[in-house]
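Participant: So you can see what is in the structure, the chains are spelled out below.
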Amino acid sequence: MRGTRPVTAYALAAVGLLLLGAGSFWGLFVAPAETYMGDVQRIMYVHVPTAWNAMLAFTFAFGCALAFLFQGSWKWDCRLEAAMEVGVVLSALLCAQGAVWAKPTWGVWWDWDPRLTTTAVLVFAFAGILALRTFVDDPARRGTWSAVAAIVAYIDVPIVYFSVKWWNSLHQQPSSPATVSSAFHWPLRINAFGILFLMIALITLRSRLAALRLQGELAPPLPAAAGGSGLAGAGAMR
Amino acid sequence: MSGMGVIEGGWEFVWTAYGISAAVLLGYAASLVRRLRSVQARPLREAGRASDVL
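Quick note, the sequences are listed as chains A and B, same order.
Following my numbering, the residues of the first sequence are numbered contiguously, the last one being 238.
Following my numbering, the residues of the second sequence are numbered contiguously, the last one being 54.
No wet-lab data here; the hints were simulated from the structure.
Glycine residues also receive a C-beta, built at the ideal position from the N, C-alpha and C atoms.
Just so you have them, the derived chain B footprint on chain A, three or more residues with Cβ under 8 Å:
1) 33 to 42
2) 45 to 55
3) 96 to 107
4) 204 to 211
Among the chain B residues that face chain A by a calculated CB cut under 8 Å, a handful are:
5) 5
6) 10
7) 18
8) 20
9) 36
Could you put together the complete structure from these sequences and hints?
Facilitator: Quick look at the structure:
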């Protein structure tokens, strides 16, 4: 992300929103209704791409956590914080979309089905880590603890994915362009890339925000207070 | 519902799902831009070396 300027993130967000608009239009007005679920199936075009990208955000967070622990560079801590927050937003949205889909298809807004339960655990686990970060003042401890916690929480991601295979789940098997009719491919793919671009933009902006805040924490004391113990300032910016 | 295993109608659920998605994604993006501008408006001593971190 070195050298990435906000304008790049804004451009990526614009492309993502354009793709999302096109894919959603296609899914809502062009693609045919599904044989059994009818028009309700159109929710899939936004629900499934959200799921893919939420898992991708947490996977990136997992990579950032490992990189921070092994390299100790603050940029990975900033990216970790950003990826976790965007992942939580996407997975919470995923749960809301799923509830709206569940009502007409299952007859209930929520069920303690393995897929839904493990996804809820994922949301609360990473939201908890973000909450933990706000309570730790020391940036080094905060980075290390949240990186370790993120690695532990990431164990739930493959469990979410395989939950519909391992247990008798009310939730259907994972959808992909290979498992759905070709009539439904394009809106699914376009929206997947739309959310992907938007997600990259959001992580970039959120990472920059985390970096600016960290910069304030690590900045050397004002000249009048110079000589205090404080953090090492620029020396700590690895 | 037709009672034959086929769901009829349901557009209100479709619009709700897309509406929630748009509200959450755009709302989060807007909050992020607002927070970023707020932090960038702070004194340079605090915000000046962000590129070193990024």
